[in-house]
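Okay, here's what each chain looks like letter by letter:
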Amino acid sequence: MSAVPTPAEALVSVDNIHTYYGKSHILHGVTLHIGAGEVVGLLGRNGVGKSTTLKTIMGLARPSQGEVRLAGRAITGLPAHKLARLGVGYVPEDRRIFRFLTVMENLRTGLDRHGVTSVRKQELLDKVFTYFPVLAERRQQPGGTLSGGEQQMLAIARAMMLEPRIILLDEPTEGLMPRMVSQIGQIIGALHRDGVAILLVEQNVPLTLEASERIYIMEKGLVRHHCTASDINVNDAAIRQYLGV
Amino acid sequence: MAAVLEILSTIPYDQILIQTVNGIVTGMILALVASGLTLIFGIMDVVNFAHGELFMLGAYVGVIVLAATGSFWLALVGATLVVALLGAALQIVTLRPLLGRDPLTTILATFGISLVLQNYALWQFGPVARKIGEPFTGQFTLFYLDYPWYRIVIALLSAAIIGALWLFLKFGTWGIWIRATTQDRVMAQAMGIPVPRVLTGVFAIGAGMAAASGVLFGPLVGVNHVMGVDWVLKAFIVVVVGGMGNLAGSIAAAIFISLLEAYASLWVSPAQAVIVSFVVLILTLLFRPTGLFVPTPK
Numbered sequence: 001m002s003a004v005p006t007p008a009e010a011l012v013s014v015d016n017i018h019t020y021y022g023k024s025h026i027l028h029g030v031t032l033h034i035g036a037g038e039v040v041g042l043l044g045r046n047g048v049g050k051s052t053t054l055k056t057i058m059g060l061a062r063p064s065q066g067e068v069r070l071a072g073r074a075i076t077g078l079p080a081h082k083l084a085r086l087g088v089g090y091v092p093e094d095r096r097i098f099r100f101l102t103v104m105e106n107l108r109t110g111l112d113r114h115g116v117t118s119v120r121k122q123e124l125l126d127k128v129f130t131y132f133p134v135l136a137e138r139r140q141q142p143g144g145t146l147s148g149g150e151q152q153m154l155a156i157a158r159a160m161m162l163e164p165r166i167i168l169l170d171e172p173t174e175g176l177m178p179r180m181v182s183q184i185g186q187i188i189g190a191l192h193r194d195g196v197a198i199l200l201v202e203q204n205v206p207l208t209l210e211a212s213e214r215i216y217i218m219e220k221g222l223v224r225h226h227c228t229a230s231d232i233n234v235n236d237a238a239i240r241q242y243l244g245v
Numbered sequence: 001m002a003a004v005l006e007i008l009s010t011i012p013y014d015q016i017l018i019q020t021v022n023g024i025v026t027g028m029i030l031a032l033v034a035s036g037l038t039l040i041f042g043i044m045d046v047v048n049f050a051h052g053e054l055f056m057l058g059a060y061v062g063v064i065v066l067a068a069t070g071s072f073w074l075a076l077v078g079a080t081l082v083v084a085l086l087g088a089a090l091q092i093v094t095l096r097p098l099l100g101r102d103p104l105t106t107i108l109a110t111f112g113i114s115l116v117l118q119n120y121a122l123w124q125f126g127p128v129a130r131k132i133g134e135p136f137t138g139q140f141t142l143f144y145l146d147y148p149w150y151r152i153v154i155a156l157l158s159a160a161i162i163g164a165l166w167l168f169l170k171f172g173t174w175g176i177w178i179r180a181t182t183q184d185r186v187m188a189q190a191m192g193i194p195v196p197r198v199l200t201g202v203f204a205i206g207a208g209m210a211a212a213s214g215v216l217f218g219p220l221v222g223v224n225h226v227m228g229v230d231w232v233l234k235a236f237i238v239v240v241v242g243g244m245g246n247l248a249g250s251i252a253a254a255i256f257i258s259l260l261e262a263y264a265s266l267w268v269s270p271a272q273a274v275i276v277s278f279v280v281l282i283l284t285l286l287f288r289p290t291g292l293f294v295p296t297p298k
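From first to last, the protein sequence lines stand for chains A and B.
Each residue of the first sequence is one higher than the one before, starting from 1 at the first, in this note's numbering.
Each residue of the second sequence is one higher than the one before, starting from 1 at the first, in this note's numbering.
Chain A with its partners taken away, still in its complex shape:
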């Protein structure tokens, strides 16, 4: 593993986590760190444990060993709804929008929280409708009637309603047409400028390298390689070795 700078004060630290699904040992001691406001890419072939890593951070899979910390606080084993309230947003691989809720109701699932004033709610809505004007047009439409790209936008917008400090983005460009892919890239950039940290799991290597500052590459439930995105842009041996592209 090459020596790369990791943020001294990590927002999220994952230390040596082991996660099982039933008897299947999926994560074999994953360690990674994401700094505040940093975009970090997590690459690897299918089935190496990238999505399980996100689920473990989000509290949707319970690690049998290891620790996850958010801003120094141990969050291992906390239920997902508490993590969401602590500022961890999650955009899953298959979007999982609430198909029978309207766009507005989908957004309200994250917006209607204790302690959020109506002025703040309106500001958050204005912000996502500026990022995703199409959602404003379709706000009364059931989520299930949106196109794949629009559903992806809704999934990201819905996570933004939580005012997250970090968003765990799982393959946001999967199955999208090229125009949508570049739009998702722009949104990641905009979130980064807003100071939101992102852990990006992707199969789209060029997009990941362009959007991320650092890259982790996983193989067989372990992080095998860690470097800056610019390192890989200069020397792509690791990409060829672990991803075969």
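For the record, the hints were derived by calculation from the structure and aren't laboratory data.
Model, not experiment: these values are computed from the prediction.
Be aware that a few hints might be false.
Covered by chain B, according to a simulated footprint, are these stretches of chain A (three or more residues, beta-carbon under 8 Å) [to be verified]: (1) 76 to 83; (2) 108 to 117.
SDA-like cross-link-like pairs, simulated, lysine to any residue; straight-line CA separation at most 25 Å [what the hints assert, rightly or not]: (3) A/Lys127 / A/Glu93; (4) B/Lys131 / B/Asp230; (5) B/Lys170 / A/Arg85; (6) A/Lys121 / B/Arg197; (7) A/Lys82 / B/Arg197; (8) B/Lys170 / A/Val116; (9) A/Lys82 / B/Leu99; (10) A/Lys82 / B/Lys131; (11) A/Lys82 / B/Gly172; (12) A/Lys121 / B/Thr173; (13) B/Lys170 / A/Arg138; (14) B/Lys170 / A/His114; (15) A/Lys82 / B/Pro97; (16) B/Lys131 / B/Gly222; (17) A/Lys121 / A/Ala136; (18) A/Lys121 / B/Trp174; (19) B/Lys131 / B/Val21; (20) A/Lys82 / B/Asp230.
Virtual Cβ for every residue (Gly too), placed ideally from N, Cα, C.
With chain A fixed as given, assemble chain B onto it according to the hints.
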């Protein structure tokens, strides 16, 4: 032509109209019981075998509050709140620990709760039926019958309670949380929705609705420890025919089955007319197992 006119002249239109009113009244009560049941199933995936006992307990709490205050309306509100709280406590103690386990465990747990509640009621109140007095004693003339206004009030109140539930589910924050939890429990949690509390709340709402129907129906029948058994059986039929977990379907099925039974009792005894609901159930399971009132998947 003459034969057709002769057949038409033999149809008892007055009886059909009376039975239509009866069917709608019974259907609305059944819809109230079934909507609690379908809400609990749709959101929690729990087949609540104790629903009939919550209905029965509601009626008993109604009897107690009515005896203490003399007000039927206080009895209705009091029984709803008390049984809703009891429902919340039962869910926390017995069903929450079973979350994510084999559905059979929740079936056994609710069946156990039903036995305990039924025998508690027998021990506490005895086998003799109690009576809840009607809040209105007025009647109006429907053809040759003096029809009690109270039956019409029951139908309207049931409709109002179901309407309030719909508004709550449609527009309230908790309503949106409940619907989101129904669709995707994992993602609801990831959006910060406190799913365990939502599930407890849903069970409490279902229990409260069962209790309200018990008090509303109390004046029409005696209140006893097994009064919930028949109703919950019918409510299960309604929930299956309407489409498991489908609130609108359950309401439509409750009215549909009650009307069919009411019409059937024009020709056969009411006890035999019950067969109609089982026939509808069997036909539904054979030909449209997802429910009669669920849109065909495209």
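Hint-by-hint comparison with the structure:
1. 76 to 83: holds (count 3)
2. 108 to 117: Since 5 is at least three, the answer is holds.
3. A/Lys127 / A/Glu93: holds, 24 Å
4. B/Lys131 / B/Asp230: holds, 18 Å
5. B/Lys170 / A/Arg85: holds, 24 Å
6. A/Lys121 / B/Arg197: Roughly 23 Å between the alpha carbons, so the hint for A/Lys121 and B/Arg197 holds.
7. A/Lys82 / B/Arg197: holds, 12 Å
8. B/Lys170 / A/Val116: Given pair B/Lys170, A/Val116 holds - Cα atoms ~21 Å apart, limit 25 Å.
9. A/Lys82 / B/Leu99: holds, 18 Å
10. A/Lys82 / B/Lys131: Status violated; Cα separation ~48 Å.
11. A/Lys82 / B/Gly172: At roughly 21 Å apart (the allowed maximum being 25 Å), B/Gly172 and A/Lys82 satisfy the hint.
12. A/Lys121 / B/Thr173: holds, 14 Å
13. B/Lys170 / A/Arg138: Holds, because 18 Å separates the two Cα atoms, which is no more than 25 Å.
14. B/Lys170 / A/His114: holds, 20 Å
15. A/Lys82 / B/Pro97: holds, 19 Å
16. B/Lys131 / B/Gly222: Answer holds: B/Lys131 to B/Gly222 is near 5 Å, not above 25 Å.
17. A/Lys121 / A/Ala136: Holds, at about 15 Å.
18. A/Lys121 / B/Trp174: holds, 17 Å
19. B/Lys131 / B/Val21: holds, 24 Å
20. A/Lys82 / B/Asp230: violated, 42 Å
The structure fails hints 10 and 20 (numbered hints given earlier, in ascending order).
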